[in-house]
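There are 4 protein chains.
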Amino acid sequence: MKALMKTEAKPGAELREVPIPKLAPREVLVKVKACSICGTDQHIYGWDKWAQSRVKAPMIFGHEFAGEVVERGSLVSKVEIGDHVSGETHIADYNCFQCRIANAHICENLKILGVDTNGSYAEYIAIPENNAIHNDKSIPHEVATAQEPLGNAVHTVFAQDISGRRVSIFGCGPIGLCSIMLCKAAGATEIYAVDANEYRLNMARKLGATLTINASSEDPAKRILKETGKGVDVFLEMSGHEPALKAGFESLRGGGDVAILGVFPKEVTMDINNYIVFKSATVRGINGRKLFSTWYKVAAFQKSGAVDLRKIITHKFKLEEYGKAFELLKSGNCGKIVMIP
Amino acid sequence: MKALMKTEAKPGAELREVPIPKLAPREVLVKVKACSICGTDQHIYGWDKWAQSRVKAPMIFGHEFAGEVVERGSLVSKVEIGDHVSGETHIADYNCFQCRIANAHICENLKILGVDTNGSYAEYIAIPENNAIHNDKSIPHEVATAQEPLGNAVHTVFAQDISGRRVSIFGCGPIGLCSIMLCKAAGATEIYAVDANEYRLNMARKLGATLTINASSEDPAKRILKETGKGVDVFLEMSGHEPALKAGFESLRGGGDVAILGVFPKEVTMDINNYIVFKSATVRGINGRKLFSTWYKVAAFQKSGAVDLRKIITHKFKLEEYGKAFELLKSGNCGKIVMIP
Amino acid sequence: MKALMKTEAKPGAELREVPIPKLAPREVLVKVKACSICGTDQHIYGWDKWAQSRVKAPMIFGHEFAGEVVERGSLVSKVEIGDHVSGETHIADYNCFQCRIANAHICENLKILGVDTNGSYAEYIAIPENNAIHNDKSIPHEVATAQEPLGNAVHTVFAQDISGRRVSIFGCGPIGLCSIMLCKAAGATEIYAVDANEYRLNMARKLGATLTINASSEDPAKRILKETGKGVDVFLEMSGHEPALKAGFESLRGGGDVAILGVFPKEVTMDINNYIVFKSATVRGINGRKLFSTWYKVAAFQKSGAVDLRKIITHKFKLEEYGKAFELLKSGNCGKIVMIP
Amino acid sequence: MKALMKTEAKPGAELREVPIPKLAPREVLVKVKACSICGTDQHIYGWDKWAQSRVKAPMIFGHEFAGEVVERGSLVSKVEIGDHVSGETHIADYNCFQCRIANAHICENLKILGVDTNGSYAEYIAIPENNAIHNDKSIPHEVATAQEPLGNAVHTVFAQDISGRRVSIFGCGPIGLCSIMLCKAAGATEIYAVDANEYRLNMARKLGATLTINASSEDPAKRILKETGKGVDVFLEMSGHEPALKAGFESLRGGGDVAILGVFPKEVTMDINNYIVFKSATVRGINGRKLFSTWYKVAAFQKSGAVDLRKIITHKFKLEEYGKAFELLKSGNCGKIVMIP
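Residue numbers (our numbering), protein chains in the order written: chain C, 34 to 374; chain G, 34 to 374; chain V, 34 to 374; chain W, 34 to 374.
Do not rely on the hints blindly, as some may be mistaken.
One copy or two, either will do: identical chains are not told apart, so a pair holds if it fits within one copy or between any two.
Claimed, not checked - List time: in silico BS3-like cross-link candidates among lysine-lysine, alpha-carbon distance up to 30 Å:
(1) Lys363 - Lys349
(2) Lys363 - Lys255
(3) Lys351 - Lys336
(4) Lys170 - Lys344
(5) Lys299 - Lys279
(6) Lys89 - Lys263
To be clear, the hints were calculated from the coordinates, so they are not data collected in a lab.
All chains should be built: construct the whole structure from the sequences, respecting the hints.
This is the structure in C-alpha cells:
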C-alpha cells in the first residue's frame, strides 16, 4: 500500500510502497478514506526538537482519519466489516491504575497512533478494536476525520461550565475553531477569539466569535479587560504560545477557570501569585479525549447540528500532494486540511 | 395607593386603596410598573390548602414585578433613585448558618415577598435594598417582571450539565418554557417537553423543544424511551404532578440527573429502588434562585439574546382586570400573564 | 467440588457435589478460601419476592469471597496463578454506553455473581479476569472476603464530602458498620448511628459512632434534631426501611446530602416537597462499587490502618454449617459472618 | 492604647501609645487578648519588596487575633458585648460581583486587616461586625488566635478530595502543620511533609506526617516518587519556594490535584507541558478563607478534637517582646508564635 513515511531522522517525509499491516487478534484493519493534518504532524514533518526526541524513523505518521473496516482480528467482537470508523488515537492498556480509575486518556503505558506506532497517512491502518469509534454512515469520511480534534475541543471546553459565561479562546487553529462552535452551541455569552493570523480570525468570526482580536496588532489582555470590565469567566489556552498564556491569565476574572490544551515549545515564566493564587483561579491540564464520554458528545453535537465540521475544513489534497499541504499549514492560511490516500 | 389584596380567608381577592408603605432604613420604595402572575399567586387566589396554612389575610399578594426606585431608606447605599429594578422575592437575613455558607436562598429565617410580607400587586412596594436587582434600562418593565421565574429556570436547568445532553422537561408553564429556551441556548441535543395542554405544547415547540408530548393522549415515558433507547440524561420536573414525576424517572437513563422544582399537592409514592438506587440517579431539590449568581446568568442570557422573555409573555391586563387574568391562568391557555398597576 | 446451591424454587439451600467450573478464555479459576454472607444471600435463602422474580434455580449462590487463583483461561493476561484475589461481583460487558462513559457499575448488560451466574459458596469459582481484584498477601482470606461490602460503603460514604461534617447512618449491618469506620477515618465530626438491634448498635459505638439511637425505643429524627439543632449535613440510608428513610430526611439540614444504598421491599411514600424540594437536598442512588476506583480506596484505607475489617467480622462457620449461619444472620445479632468451604 | 506600629518605611517596628479606635456604625471594638504572627507580618517587619509596594506607614500591623467585644457601633446587630471573637481578616464590601456570587474572599474591593487597615498588634481593634467570628468560650484566646491560619489550611486542604488519598505538603510553617493535622483527620493515607528546617519537620512528624523529607539533604521529588511509585494524588504547595513548586509537580501522579497557597517572591519558570497539560493536573489557587463556610469547618474540627491548635503553638511572648518574637520566627525554629498585648 501507499504510505507517507518519516524515513529518516530529518525534516520532510516520503511516499513509499509498504505491505498492508497484519492484524493482532484484537485489531481491525481500516481502509483509510480520508486523513487530516494535526499540528503534531507538522512537528514530525518539520522534525523539531520534540519530534527528534520522541519519533523513531522509519515510520508512517498521521493519526486523524476515517474509513471503513475491511478485516477483523481473530478475537474482535465489537466491530464489523463495513463499519465506518474514526480512530481514537490514544492506545491505552486498560489495565493500569489510570485506566482502572477512568483515566484511560492518561494511561500509564499510553501509545499514540502515528507517533509511537504506525499511523494513518496510508491506504490502510491497523488499530485495536477499542480504538475504532463507530461513525454514523451519513457523515462523509472527509468530515469524520476531523472528529478527533473536535474531541480535543470538547474535552477542553467542557472541562468547566460554559453556559451563560464569557470565554476567551487563545489560538484559532482547527481545535480553537471547533471550540468556538462548541462555546456558541453551549450558550457562552461572549466569545473572545485571539490569534495573529487574519485568515483564522476571519473563520473565528464566521463560526461565532463575538469579538476577534489580532494579537499582532492589539494587546489582547487590555482589549478583553476593556470589553469585560473584570475579565472573562473562562480562558481556553489553545496556542502553546507564552505571551498568549500570560494575556489569557491577565484577562481572567478572579475565581475564573482555565483549561490548557496548548503545548509550549519550552518552559514558561509565570507570575503564579497574580495569575493563580490571588486570583483563586482553577487551572486544568487537558490531554486527548475522555475515553469515551468525549466521543459521545462529539457525536451528539454533530447530530443535533450544533457543530458542523464542514465549516472548519478548508482544503482537500491527494495524499501524494502532501508537500503542498504541509506548506499551506505552515502559512496558517487554512482551517483543517484533509488528504485522501 | 391601589393594591390587590387577600382581604379574607377565602377564595378570590379585592382591589383596595391603601397607604403607600413606609420604609425601614435599608429598604427602597419601588413604583411597580409591571407585575406578573405565578402559580403561587393562583394558589393564594384560589385559597387552596397550602394557602390556608401559610398566608395570613389581610395582605397584598404578588411577587413578580419590575419598576423604578422612587425613595430610599436612610441607610440604603447600593441603590439609587431612578434605578430600574426587579425584586428577588426571597428575603434572607444574611446572618444565619445557611446565609453564611452561601445558601441564602434557603435562609433559616426566610420570608417570601407576597406570601409572608406585603407583595407587588400594588402601585408601590417596599423591599430590602439587597433584594433590588438592577435591570438594564433597555429592558421594558413588563418584560423584566418575568425575570424572577426565569431565575427559577436558570437555577433548575444549570443544577447539572446540559450541553450535549438529552433533556426531558415535564410541565410547560412559564418556568418550563423558560427552561426550554435555556436548554436550547445551552446546547441540549434533544429537548422533550411534556404537558397536557396543547396551547403550552405549541409554545414549547416554538421555543425550541425538539419533541412535545401530550401526556393526556400519549404515555410520555414510553415515548421518550422509544425516542432515546436508554432514556434521557437529564429530567427536569416542573409540574408538581405525581404521574409526571414517575414518567420522568422511568424515562431517565442510568446515572442520569434529576432536578425537581415542582411542588406536589401531597405525598407521592415512589419506587425508590428503580428510580434512584439501581439507576444511580442524582436528584437535586431546587428552591428559588442562587443569591445572586442566578441573577447574573439571568442578565447574561438576555443580553446575549439567547433568551427572549417576550416570547413567553402572552397576555397583558390592567391590575383592575385581575379577575379575567386569574381565570385565564386557570385555563392554562396562556404563557406568562403581566398586569399593569 | 462442594457447593451450596439453591436447588429448587423454595426457601432454603442444599449442599451438593458438582463439577469444578470450566473456564472461558478470559476467566480465572479461584480456589475459594473464605466466603461471606450478604443480605442478598439472605433474600435468596429465604426465597422472598425479589429472589423469586430474579433467581433461577438450580444455581450456586454467594458472591462475597476471597481466594487463590489456581487456573487461567487461554487469553488471561492480567492475573497469575497463585495471586490472592477478591471478586468484584458486577460483571460488566465493557462495551455498552454506560461502560464506555466510566459507569461500568451500571453496565447495560450487567450480570451479578451468585445472582445471575454461579456464585462463590463453593470450593471453586470461575470469574472474568477483569473481576479478579488483587489482594495484598498480608490480608487473610477470611478478612479479604469482606472487602466487597466495604466497597459498597466506600462508594456510599464518598459520594459526598464527609470531612468536618455531621453524618447520620441509618442501618448498622456490615455495610453500615463499615461506613461508620470510614466516616470516622474521613473526619466526620459527628456520626449518628441508628438501628433497632442493640448488638449492632453496640458494635457501632465501638467502631466510632459518636451517638447510637435505638429506633425501636426512641424517635431518631427528633433525637438527631435535638442534638444538631438544624439537622445533619449528610444522611446515609443503609436500611431499606421506609420509616428510616423518612426519619433520615426529616433530620437532614437544608442543602444537605443524601446517599441511598438501602433497597426497599416496596414503593415508599414520600413528602417530596419538604424532603427534597424546599430542603434543596441532593440525593444520590448508590449501586455496587465504582469500577475500579472504589477498590483502590478499599485497599488504601486498609493499608493505612484506618479501616480494620476484622472488627466487623464476628462469626466464622464451615460452609457445611450454612443453616446455623443463616439463622444467626436472621437474628441480627452478628456483624459479618464468614464461611470456609 | 499600646500598639505595635510600622512607623516608617524601613525594616523594624515600634511600640507606640495611640488612641483607642473609634467605631463606625457597623463595627465592634475588640479587646485583643492574644495575637499571633503570620509570614505576612514578617514581610512587613522585614520591609521586603512586597511590603514596600503595599503597606503605607504609619500603621498598626498584625491580623491574627482573638479577644472580647467591649463596644458596639450604633447599627451592630449580630454581635454582643462580651462575645469572644476571632477576626476574619478579609474585609469585603458584600456588594460587588464577587461577593454576590459567594466569592467574598476575593471581593473586588477587598481590604486586608493589618495590611490595608490598622491591625491587631494592639490592645484594641475595631472590625466590621461581619468579620467578628464567634468563638466558643471554652477556647482560650491564645489558642483561638491561630484559627485564622487554620482557616487557610482548611481552605487549601479541602479544595479537593483528601480521604483515602496520598498527599504531599511542601512547607511546614504553621499553615502547613495545620494542614498535616487536617489531612490526618480527613483520612489521607500517606502524608509526605517537606521542609528544610528540622525543628518543623520534627513537629510535622508528631502531628501526623507519615514521612518527612528534609529538602536540604534529599531530593523530595525523587523520594516521593520512590515511595509512591506513580506520585501523590494531591500536592499542597505552602512554601512559596520555586524548587518546592517544581518538586511538588514532579512527584504528582497523572490526573492529580494541586492547591497553591504559597506566595512566591518572583515569577517562576515552569514546565507547563509536563506539570499541567500532559499530566492532566487540576491546579487551584487559594486565597484566604471561604466566607464563611471555612470558619464553620474550623470550629467543627476543633470541637470534634480532630484538630488541636495547642500542638502548633510553640512560643508565647508579651507584645513588648516583639523583637525577640520576630527574630525567633526568622530562625524557623518555632511553630505559631503568640503575643499578649
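Practice item. Go through the copies and call it for Lys299 and Lys279: within, between, both or neither, with a Cα cutoff of 30 Å. Key: Classified as both; 14 Å inside a copy, 15 Å across copies.
**Study point:** Alpha-carbon proximity between Lys351 and Lys336, which holds within one copy, between copies, both or neither at 30 Å
**Key:** Answer is within; shortest intra-copy Cα gap is 28 Å, inter-copy 46 Å.
Check your understanding: For the identical chains here, do Lys170 and Lys344 meet the 30 Å Cα criterion within one copy, between copies, both, or neither?
Key -> within (19 Å within a copy, 38 Å between copies)
Practice item. Pop the pair Lys363 and Lys255 into one bin, within, between, both or neither, using alpha-carbon distances up to 30 Å. Key: Classified as within; 29 Å inside a copy, 40 Å across copies.
Exercise for review: Using 30 Å as the alpha carbon limit, work out where Lys89 and Lys263 are close: within a copy, between copies, both or neither.
Suggested key: Only across copies: Lys89 and Lys263 sit 26 Å apart there, 48 Å inside one copy, limit 30 Å.
Practice item. Using 30 Å as the alpha carbon limit, work out where Lys363 and Lys349 are close: within a copy, between copies, both or neither. Key: within (15 Å within a copy, 60 Å between copies)
This entry satisfies every hint, going by the numbered hints stated previously.
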